[in-house]
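Student: Letter by letter, the chains look like this.
There are 4 protein chains.
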Amino acid sequence: MGRRYRVGILGATGTVGQRFAQLLEDHPQFEITAMAASDRSAGKPYSEACAWKLSGRIPAGVRDIVVTPIEPPMDCDIVFSSLPSSVARETEEAFARAGYPVISNSSSYRMDEDVPLLIAEINGEHVRLIERQREKRGFDRGFIVTNPNCAVVSFAPPLAALHRKFGVESVFVTTMQAISGAGYPGVASLDITDNVFPYIAGEEPKVEIEAQKILGSLTDGGVVKADFTVSAQCFRVNVVDGHVASVRVKLRSSATLEDVVAEMRAFPSLDLHSSPETFIEVTDEPSRPQPKLDRDNGNGMTITVGRVFPDNIFDYRFVALSHNTVRGAAGSAVLNAELLISKGYI
Amino acid sequence: MGRRYRVGILGATGTVGQRFAQLLEDHPQFEITAMAASDRSAGKPYSEACAWKLSGRIPAGVRDIVVTPIEPPMDCDIVFSSLPSSVARETEEAFARAGYPVISNSSSYRMDEDVPLLIAEINGEHVRLIERQREKRGFDRGFIVTNPNCAVVSFAPPLAALHRKFGVESVFVTTMQAISGAGYPGVASLDITDNVFPYIAGEEPKVEIEAQKILGSLTDGGVVKADFTVSAQCFRVNVVDGHVASVRVKLRSSATLEDVVAEMRAFPSLDLHSSPETFIEVTDEPSRPQPKLDRDNGNGMTITVGRVFPDNIFDYRFVALSHNTVRGAAGSAVLNAELLISKGYI
Amino acid sequence: MGRRYRVGILGATGTVGQRFAQLLEDHPQFEITAMAASDRSAGKPYSEACAWKLSGRIPAGVRDIVVTPIEPPMDCDIVFSSLPSSVARETEEAFARAGYPVISNSSSYRMDEDVPLLIAEINGEHVRLIERQREKRGFDRGFIVTNPNCAVVSFAPPLAALHRKFGVESVFVTTMQAISGAGYPGVASLDITDNVFPYIAGEEPKVEIEAQKILGSLTDGGVVKADFTVSAQCFRVNVVDGHVASVRVKLRSSATLEDVVAEMRAFPSLDLHSSPETFIEVTDEPSRPQPKLDRDNGNGMTITVGRVFPDNIFDYRFVALSHNTVRGAAGSAVLNAELLISKGYI
Amino acid sequence: MGRRYRVGILGATGTVGQRFAQLLEDHPQFEITAMAASDRSAGKPYSEACAWKLSGRIPAGVRDIVVTPIEPPMDCDIVFSSLPSSVARETEEAFARAGYPVISNSSSYRMDEDVPLLIAEINGEHVRLIERQREKRGFDRGFIVTNPNCAVVSFAPPLAALHRKFGVESVFVTTMQAISGAGYPGVASLDITDNVFPYIAGEEPKVEIEAQKILGSLTDGGVVKADFTVSAQCFRVNVVDGHVASVRVKLRSSATLEDVVAEMRAFPSLDLHSSPETFIEVTDEPSRPQPKLDRDNGNGMTITVGRVFPDNIFDYRFVALSHNTVRGAAGSAVLNAELLISKGYI
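Residue numbers (the working numbering), protein chains in the order written: chain E, 1 to 346; chain Z, 1 to 346; chain G, 1 to 346; chain D, 1 to 346.
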């Protein structure tokens, strides 16, 4: 099965940190050996430091790991980070500089021109920015790789399928995002029970800029962003897990409905441990996708698309769904690490 | 205070029928004297026939009204209809033919060229279609007037404000609609708890066509529809009352953000009993409008708009909210009746 | 209409503070003239300091009141307190010592033997403890009066009705409590969406001891507690407002079902502004009371009881409901102030 | 691995029928070969007849099974029934008479003196009633075995642990039951969003009588019911899966808190495929059990108990939780079938 890597989690007690612990429980390549969290938690066993909010119990393998402060050195080969953006920038750089591959779920470095912003199936070749990054920042063995905002992950894959074939010109996206995306305690129940909350701080700009980098072309001068425009309105809804994106897209060349569906379905998955069998599942059931029924498709790593129809202003409309803390966060980070191993960067 | 009218409710036991009963409880012009519902209910006192689902108790004035079958004659001067569209067409015509003004919340006649589709503040002059209707259909004193789909009501008012000043060219709307919009039993809890439901049967086409008629111009030849296009994606969310619309709009002439907000705020309300003080309330709080907090603005008759910003593809984006069973159904019908009285049609 | 009193709110920006603002908006006897909150809020106008979470807008009359620190003197005749218990004890005493009548919703003084714990309809005569209190604590004109825990308020009234006639011996109560009871931000949405939360810190002991004092007899030596035992299990459920209590009661003397219902219905309301027409409403509809439908009965001041049946272990079982932030908090405090005025204490 | 049995599902398209399909997907002993449902569904492939409401897709192995009417013969060795009680009595007897072992989740036969009402870990020896049943009803090879009401399953196991050691005298139970327990469409969202529903038709009597039979002793004359009394109040809450029971228990002999917990923990699981590793898990975390976090413990087959404390009226109180459509329905039926095979009845 090959080498096993010792993994450290930054922000281990948060909701994404917990997902890391859950997803890595029986992973063939990774074993969690270090957990770092805020000073309040440091020094306690993980089982005590962490208010576990996922179904079931804390995985046995991490219960007794003593939480450390968030600073290098850590007893591990790779670092997964789910730090809040307020502290991520400085801390992740410190880890990279200390020689750790940093696989980050934070927003801090996503748009830096020398940092890969990866959806492994879409732009895996962007990992080659790592060389540029090491040179520019003077990192030796370490580096930083990021995965996108959880809402972007829901619609960027079908967009990628259309963009590579027909060219995308403009995209309207309206998101209905799950409460787990805000962490814990996160969204107050008084704000979301019997309610829709029309504002997620900082979210709309992120959703509007990240897809162009992900779908951009890697050149000698770096990533040339894809030349389409995204307009985003983002809402919080009363759903535990699973972000829904309502999408209209204008293409640069004409495509039939059959073409559109076929391109999405044909977009290949990868042959890595966390890759789902189907990357983009397109359903023609009129009432799908639904967060409750579809978020766990492909163990939470499949993007489910439905209601693909011609639009009367743009070319097509569709609804896309992804599991925001798996594909939209911890799961994508793990997949990125698997990709980096397969490409020899780790 | 002037004359009082005796009112009959068709579909009296449904969720909209119950709203009629609630809204008319202390109305200065109307008094409910007749309640009609399906054969299953006919013959029973309303308090027995009706599974009351609104806060509080069945209004004392209607508890003992014996429910009748849905057919003329009824013991009343005006008929409010909230019949399911499957039976509305035939039944409402029968009542109009029998001489009753029929103020309908059903979709059956909304797009008929001789039937007014009214939002009283926007296109009250369309009531003049009634003459054409009577002539064409051979109605004597009776007629049919309709109010729009509940989702349309949330965004048509701000659109009207922009259209009359700047001209609207294209509109993308994504709705997040409340469960009360589906009636009772309506949406199964298993379909909406911890979920977003991406399909509402027949809704998207209605939302795409009704606004053009409402904002159309009355000419000698009838209503000339407004020449803009609406693209709609409609979702059900876990909210009891209050439809939210996420909107982007492309205008025909340029407008500053201040212009846009000012036009919405300046759109006048009417001087009728059910008119809210403010027809369109525009808020600049970043996290408003919210169904839980804003649906009851203006006793449920105010449209609340927020998050008005320039859009990066179209001209502007905003979020609009209305109470779907008050402004979006029973309340609008009552307001239409008040308008028709003020204009001498009743 | 008599004299108007100037009222100050301690903890004005919290969920109960907001209810005070809402309930006093058009009150004939009270006018809010002062708002106190934490240092973070002090110095700002209420409209800015307060994240308003109730339906509708901040009442016009309080929008511009500048929030002050929570310490005497305050520009008012009466103080309503909804301070967290951690600070209430010291602060409320300071206000009482400074001469203010303190009508408190906090738990700090509820069980002090010289402090009235009031449900105005049940034990209004306990206000006479004020003399004892002034003497003991050396208060001059000021005093402290409290209202009970919000969960207690739901079942103490029907219990009082049974106790005065038949004597209560033992009571099992299981509560299902609304999220607003925890304040804002309060319950995290991740803890309550698709969930029941089986623990409310400190709640079960409060629910087990307060009713005996409320139903106790005032003697020269103070309140002799009623000699029954309450066993409480308390749960948080996904409801915005309205606490439900599932109750079994063992009586000291025999009573028919008709007796039990009749005693509850016969328990008199008061003739004060905030008194509901019916204090205890008993319904025989099998599926009532429900928080969504019954919490606003009597403007949130009526206790609604249903499902009164013989029990197969104890004597009777029933379900009781009250609005936790109105009758269970701000509304009861306002009613207590009205009572104190009527009895000459204010 | 031993023989594989061909299984037929009665009521295959309902929520419990769907759970059967899900749980049997990779079962080592069972393979679904027949699906029966109402006439409306008969003749269609299962994937078309069934509105699948569980996470993920319909298992591949059953998608194409053509649904048959609900009558013998069926192409299978064993029949699992989740028929509504209105049709179960007659139909299940017809299948038993036709020679099928009928493992039923319906309430029809549960209290018949010759029909085992099984929780496999508790009263597996009651299967010996089958001989009596065959004799009395003239069944040849067929028979009927039942599992309890889903709410009973949550508290009967900890009760069994206490009863066999200390004797149970009286039990108060208040249930908070999930919406999936009512099937589909089942509970209307308008009845449960922002609400607690205090009535479940027919539930309280079932909850009050079934435990005594389950914990009863098998004698030559049949099952002698356990001599304790259960008082039940049953509520529906807004939870997808997982019934919560709030319990107080009075014992016949004294027991320390440690004894009580130890007896629950010591109650053995079985060595069957669907048995969980731990039958009764007792947690001392103050805020557990929770439906969202604990319903899937032991793949939905573990009973989770928490908040075990001395009670101030009875001896002890605790909170118990089970997954209502797994342990409370389909999972228990499957376990019963495994038990019957191991005992040679199938």
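Hint data in this document are derived by calculation from the structure and do not stem from the laboratory. Just to be clear, a hint being listed does not mean it is correct.
Copies of the same chain are indistinguishable here, so a pair counts whether it falls within one copy or spans any two.
Keeping only pairs whose Cα atoms sit at most 30 Å apart, straight-line, the calculated DSSO-like set for lysine-lysine is [claimed, not checked]: (1) 206 with 225; (2) 250 with 343; (3) 136 with 250; (4) 206 with 250; (5) 225 with 165; (6) 250 with 44; (7) 250 with 225.
Student: State for each hint whether it applies.
Tutor: Evaluation of the provided hints:
no. : hint         : result
1   : 206 with 225 : within (15 Å within a copy, 38 Å between copies)
2   : 250 with 343 : neither (35 Å within a copy, 46 Å between copies)
3   : 136 with 250 : neither (37 Å within a copy, 43 Å between copies)
4   : 206 with 250 : both (20 Å within a copy, 23 Å between copies)
5   : 225 with 165 : within (16 Å within a copy, 38 Å between copies)
6   : 250 with 44  : neither (53 Å within a copy, 39 Å between copies)
7   : 250 with 225 : both (17 Å within a copy, 26 Å between copies)
Hint check: violations occur at hints 2, 3 and 6; the rest are consistent with the structure.
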